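Counted the way this note's numbering counts, the sequence shown spans residues 102 to 306.
Rather than coming from a laboratory, the hints here were simulated on the basis of the structure.
Note that this is a predicted model, so its numbers are computed, not measured.
Treat the hints with caution; some may be incorrect.
Below, computed lysine-lysine pairings styled on DSS-like, alpha-carbon distance capped at 25 Å [said to hold, decoys possible]:
{"#": "1", "residue 1": "LYS254", "residue 2": "LYS269"}
{"#": "2", "residue 1": "LYS209", "residue 2": "LYS292"}
{"#": "3", "residue 1": "LYS237", "residue 2": "LYS209"}
{"#": "4", "residue 1": "LYS237", "residue 2": "LYS198"}
{"#": "5", "residue 1": "LYS269", "residue 2": "LYS292"}
{"#": "6", "residue 1": "LYS198", "residue 2": "LYS269"}
{"#": "7", "residue 1": "LYS198", "residue 2": "LYS209"}
{"#": "8", "residue 1": "LYS254", "residue 2": "LYS209"}
{"#": "9", "residue 1": "LYS126", "residue 2": "LYS209"}
{"#": "10", "residue 1": "LYS126", "residue 2": "LYS237"}
{"#": "11", "residue 1": "LYS269", "residue 2": "LYS237"}
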Amino acid sequence: MEVALDQPVLVLNRLWQAVNVIGAKRAFGLLARGHAQVVHHHGDDFRTFSMLDWIDFSVSNPPLDALEMVHTPSRTIRLPRVILLAFFDRLPCKELKLTRNNVFERDKSTCQYCARVLPREQLNLDHVIPRHYGGKTTWENIVCSCIRCNSRKANRLPHEAHMRLVRKPVRPKWRPVISLVLGNQNCEVWKDFLDVAYWNVELEE
Numbered sequence: 102m103e104v105a106l107d108q109p110v111l112v113l114n115r116l117w118q119a120v121n122v123i124g125a126k127r128a129f130g131l132l133a134r135g136h137a138q139v140v141h142h143h144g145d146d147f148r149t150f151s152m153l154d155w156i157d158f159s160v161s162n163p164p165l166d167a168l169e170m171v172h173t174p175s176r177t178i179r180l181p182r183v184i185l186l187a188f189f190d191r192l193p194c195k196e197l198k199l200t201r202n203n204v205f206e207r208d209k210s211t212c213q214y215c216a217r218v219l220p221r222e223q224l225n226l227d228h229v230i231p232r233h234y235g236g237k238t239t240w241e242n243i244v245c246s247c248i249r250c251n252s253r254k255a256n257r258l259p260h261e262a263h264m265r266l267v268r269k270p271v272r273p274k275w276r277p278v279i280s281l282v283l284g285n286q287n288c289e290v291w292k293d294f295l296d297v298a299y300w301n302v303e304l305e306e
């Protein structure tokens, strides 16, 4: 399989709202069935292309980067980076699952007691109010903690262990589910469609 077919493509619903990130191979499938169009920044505006129009555009505007093209037996096609769904106009559920990875993401892999940023294998989760004190497993009571601080606090309240939280834990106000771990894969061409203040991701387990 071509490496380009593994590249991420941002999916917009019919109202031009970002709703998902999928692989290029799946994106081409949606385009071929007429379920989506390519969105391409052209001059000062955005143009949409059907699959056939996009193939023609690729011939007259070949990409410079090998990762931006897909080869078929008869032609080279530009890799779409954003597609617009033809029928779907809803947003996915905004409920964000309380998972280990999502807590690490919310707390930016930072111990909420000593403020050290550490690899995730050196981090744990801590109930601010311990369970034997009636503390619940909720966004507002779970924090990222390094193993050392977790051991020091043990089954005590923070003040009992002479420890303080860096910040109060809260339920994240993240955008709807985008199944992609952001980082180097966050494409420059996506920036016009993303609300940076709330852009984040529900990580897949």
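Are the Cα atoms of LYS198 and LYS269 separated by 25 Å or less? holds (19 Å)
Take the C-alpha atoms of LYS237 and LYS198, compute the straight-line distance between them, and say whether it is at most 25 Å. Holds, at about 15 Å.
Starting from LYS126, check that the Cα of LYS237 is at most 25 Å away, please. violated (42 Å)
Hint consistency between LYS237 and LYS209 [alpha-carbon to alpha-carbon, up to 25 Å]: holds (22 Å)
25 Å Cα cutoff - pair LYS269, LYS292: violated (30 Å)
If you draw a straight line from the CA of LYS198 to the CA of LYS209, is it 25 Å or shorter? Satisfied, since the Cα-Cα distance of roughly 16 Å is no more than 25 Å.
Between LYS209 and LYS292, does the CA-CA distance stay at or below 25 Å? holds (21 Å)
Proposed proximity, LYS209 with LYS254 (alpha carbon, max 25 Å): Answer holds: LYS254 to LYS209 is near 21 Å, not above 25 Å.
Take a quick look at whether LYS126 and LYS209 sit within 25 Å of each other, Cα to Cα. violated (31 Å)
Is the Cα-Cα distance between LYS269 and LYS237 25 Å or less? Holds: LYS269 and LYS237 sit about 15 Å apart, inside 25 Å.
Assess, step by step, whether the Cα of LYS254 is no farther than 25 Å from the Cα of LYS269, and give holds or violated. holds (16 Å)
This entry does not satisfy hints 5, 9 and 10, going by the numbered hints stated previously.
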